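Colleague: Okay, here's what each chain looks like letter by letter:
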Amino acid sequence: MTKALRINESTEKGIIEFLKFLLEKGKVKAVFSLKKISDNGAVAYSLITDPDELKDAVPFYPLMPVNAGKLLSRFTLKEGTRKPVIAVLKPCELRGFVELLKREQGSLENLYIISSICCGVFPSKTEVDGNAEKNLSKYWDTVKKGEISPDIRSVCKACEEFIPYTADLTVDYLGNNDIDKKCLIYLNNKNGEDLAKDMKGDFSEKELDRKKIDKIKEKRLAEKKKLYDKIDSKMKGIDGLVNVFGRCIGCHGCSKVCPICYCKLCEFESPDSEYSPSNYETELRKRGGLKVPPGTIYYHLGRITHIGISCVACGQCNDVCPVEIPVADIFKKVGESIQKMFDYIPGKDLEEEIPLVTFKQEEFAEVEE
Amino acid sequence: MNKLKGALIHVKSNIGNTIIDLLEKSIDKGIFDAVIVPMKVPAGDSFVYVLVKDKSLIKDGVPLPPTMFVQGAKAVSSVTRLGEGNMKIAAVIRPCETRATIELSKFGQTNLENFTIISMDCPGVLPTSDFLKDPEKNMEIFNEAVKNWDDKKMRPVCQICDKSSMVSGDLHIGTLGAKKDTCFIISNSEKGNDIAEKLGINLKDNLDSWQTQVKKLSEEKKKKRIKAHKELKSKVEGIDNLVESFSQCINCHNCMRVCPVCFCRLCYFDSDKVKHNADDYLTRAEIKGSMRFLPDTTLFQMGRMMHMSLYCVSCGACEDACSMDIPVAQIFSMIADQTQGLFDYVSGRSLDEPVPLVAYKKEELHEMEDAND
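If you read the sequences in order, they're chains S and B. Positions 209 to 577 (our numbering) are the ones given, in order, by the first sequence. Positions 352 to 724 (our numbering) are the ones given, in order, by the second sequence.
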């Protein structure tokens with residue numbers, strides 16, 4: 209059983225009330241949340257210190273302009289925050305942040321996390337096209353029913369990790385029919401309980417409805433199968449790779465927005481990935497012709513090798529690809545297969561070490577065999 | 352333009368094939384060891400630059416592709432950045448790609464010693480996202496547009512490009528003002544003259560009809576450009592409008608990554624210089640009660656503008672790559688016209704023109720002195 213707080217407001221309002229309460233009581237000095245920046249549905253992550261500014265906050269708005277895990281890393285990279293801050297994150301953003309923490313790219317110090325049972329987000333194009341607001345009511349309908357919204361990112365539809373692992377508080381969203389009337393927040397640990405203390409509402413002991421969760425998982429799993437089948441049909445062997453990644457323009461936008469790709473200077477932008485005229489000559493003698501700049505597919509293969517183990521399948525890379533390569537779909541599939549080998553779920557547990565940097569004796573034996 | 356020399360030649364079926372034919376001949380005669388030319392990818396949904404040595408592969412080249420997936424200057428730079436090499440190479444690229452190549456050369460990012468640039472009158476390119484929706488159909492749309500020199504479907508910056516026939520490479524293929532089944536081969540350098548001679552092309556023909564037509568078109572476009580920039584200015588002028596224009600920027604830096612003249616290996620805005628302590632961010636947030644985090648997106652745009660607007664060739668690659676559909680290229684082309692205008696500089700117009708902020712003119716010192724009076 210977990211402690212839970214029920215606020216007698218709609219979930220949307222209840223969270224704002226709660227965040228306001230935290231700011232006003234001085235329990236936190238700032239709220240990190242999505243905030244509306246225009247009337248056409250454009251949102252941006254913001255650091256909010258004034259309770260009045262929360263009026264434009266939209267904590268669980270179904271958009272992810274940037275993976276917030278990356279932002280929290282930027283916020284706490286040099287040193288942890290000295291003043292308490294609460295961050296509203298989606299589960300994959302939180303997992304991204306945890307993976308970054310394992311790589312010493314941020315600090316959890318004085319940072320509280322509130323997350324939700326996630327319903328997925330629209331592709332950023334939806335915001336650009338001005339359709340985010342339009343699609344909202346349909347979106348919330350599917351959320352209440354625990355169904356998959358047709359408008360969310362492909363990787364969200366296929367996501368089974370919609371329950372946060374390491375949040376201090378979890379807002380009950382997906383599959384909750386009462387979100388218009390009540391706001392239910394699980395207080396997952398002592399931090400969560402301390403924050404919620406003295407908040408107006410009903411406190412109780414509650415447990416996640418496992419049956420409901422399993423049902424949603426089943427639907428997501430079916431979507432995942434469809435997604436993976438689609439990739440399989442397109443991407444067979446080297447020809448498949450060429451077909452899918454052939455139009456990549458090498459902008460590396462996918463790595464720039466990736467919450468796991470934290471290198472200041474990517475290997476594929478370093479002098480190691482530049483070739484001298486004599487390299488080109490040699491290569492031309494062998495092949496007669498080669499794409500310039502070279503190394504497009506090599507880059508993607510390299511990136512999956514570097515980050516596959518920690519890919520949280522947030523879908524950010526899909527959104528920024530100027531030539532619409534389904535990068536995220538492919539990375540989710542390949543990432544998952546790598547993660548399975550090590551029985552590893554990225555971002556699940558801060559204490560669990562990244563498989564590729566730890567060594568288990570039995571792994572050595574496996575290699576020997 | 353006066354020093355240009357040219358010849359009128361017969362066109363075989365279309366301009367693309369004429370260029371391919373010239374390249375093949377040049378390889379045969381040993382004028383070039385290899386060429387860089389756009390080609391369709393196996394999936395048929397895009398075009399890439401390919402460095403080709405094998406003559407049998409050149410025929411697959413598409414010298415005038417409907418889109419610009421990668422800015423050609425980047426292709427040239429990738430091959431020559433580390434030195435001139437032993438191969439003599441020709442690249443077939445558009446005028447704005449040529450200009451960017453020349454700018455990069457001024458910064459030591461390309462070595463053009465053994466390089467020949469062949470450009471052509473450019474009808475513009477389709478936005479990448481439009482093309483991807485239906486590559487086959489858009490190929491037809493492009494071919495049709497080329498026939499009538501119709502720019503309505505092209506990138507917004509192509510529609511206002513007044514330098515689409517600017518000759519700053521070695522050889523240029525002129526189609527404007529040429530009679531049916533002919534085109535001009537125009538030389539702009541000793542290298543160009545030499546190649547023409549080896550190919551048996553006599554650069555003695557009159558270029559008047561081409562020059563008249565180019566002048567007419569670029570004047571029309573210039574008017575359109577000024578008008579478009581005026582309209583745009585009213586939308587982005589002032590700090591509020593500026594912030595609003597870039598408000599949806601997600602800091603992916605795609606614009607910078609695809610920019611042919613943004614050549615820094617590590618951008619200032621990706622460096623530690625722009626990373627601050629958590630408490631500094633909080634202090635900033637407290638001043639206004641709330642701050643956008645991503646911080647400094649507008650600063651990035653303004654910083655990039657400061658760093659590269661003098662060299663911006665208005666190719667539109669940034670706008671095509673922007674995942675939030677911000678009209679980056681249009682805004683940058685407007686600013687670039689002004690900053691370059693200050694120095695009477697046109698990015699990539701000539702290899703001989705020094706980069707304004709690197710070159711020093713005595714009278715500029717007096718200007719500074721006067722300004723402080």
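Note that these hints are calculated values from the structure, not bench results. Hints are supplied without guarantee of correctness; some may be wrong.
As the list claims (entries may be wrong) - A few chain B positions that, by computed beta-carbon distances, are all more than 10 Å from chain S:
#1 T431
#2 N437
#3 N602
#4 K626
#5 H658
#6 Q689
Unchecked claim - Pairs of lysine-lysine, BS3-like flavour, derived with a Cα cap of 27 Å:
#7 K530/B - K333/S
#8 K291/S - K488/B
#9 K398/S - K408/S
#10 K434/S - K420/S
Unchecked claim - Covered stretches of chain B, as calculated for chain S (at least 3 residues, CB under 8 Å):
#11 356–363
#12 391–404
#13 418–425
#14 477–489
#15 497–508
#16 530–544
Owing to the predicted nature of the structure, the values given are computational and were not obtained by experimental measurement. We treat Cβ as the ideally placed atom computed from N, Cα and C, and that holds for glycine.
Colleague: Confirm or reject each hint.
Modeller: Hint check:
Distance check for T431/B against chain S: the nearest CB is about 7 Å away, which does not clear 10 Å, and the non-interface claim fails. The claim that N437/B is not at the interface with chain S is violated, since a C-beta of that chain comes within 10 Å of its own (minimum 7 Å). Not every Cβ of chain S is farther than 10 Å from the Cβ of N602/B; the closest lies at roughly 7 Å, contradicting the non-interface assignment. With a least CB separation of 6 Å from chain S, K626/B falls inside the 10 Å interface cut-off, contrary to its annotation.
Here H658/B stays apart from chain S, with its beta-carbon at least about 17 Å from theirs, past the 10 Å limit. Non-interface status of Q689/B relative to chain S is upheld: no Cβ of that chain comes within 10 Å, the nearest being about 27 Å off. With a C-alpha separation of about 46 Å, the suggested pair K530/B and K333/S falls outside the 27 Å cut-off, and the hint is violated. Only pairs whose Cα atoms come within 27 Å are accepted, and K291/S paired with K488/B is rejected, the gap being roughly 58 Å.
Proximity of K398/S to K408/S is assessed by CA-CA distance (about 18 Å); at most 27 Å being required, the pair is judged to hold. Between K434/S and K420/S, the direct Cα distance comes to roughly 22 Å. Compliance with the 27 Å bound is thereby established for this hinted pair. For the stretch 356–363 of chain B, the stated coverage by chain S is not satisfied: 0 residues place a CB nearer than 8 Å to a CB of that chain, which falls below the threshold of 3. Restraint check on the stretch 391–404 of chain B versus chain S: 11 residues with Cβ-Cβ distances below 8 Å, three needed, restraint holds.
For the stretch 418–425 of chain B, the proposed coverage by chain S is satisfied: 3 residues have a C-beta within less than 8 Å of a C-beta in that chain, meeting the threshold of three. Given a C-beta distance limit of less than 8 Å, the hint that chain S covers the stretch 477–489 of chain B holds, as 3 residues qualify and 3 suffice. A count of 0 residues in the stretch 497–508 of chain B with a Cβ less than 8 Å from any Cβ of chain S is obtained; the coverage claim is therefore unmet, three being the minimum. For the stretch 530–544 of chain B, the assignment as covered by chain S is violated, since 0 residues bring a beta-carbon within under 8 Å of that chain's beta-carbons and 3 are needed.
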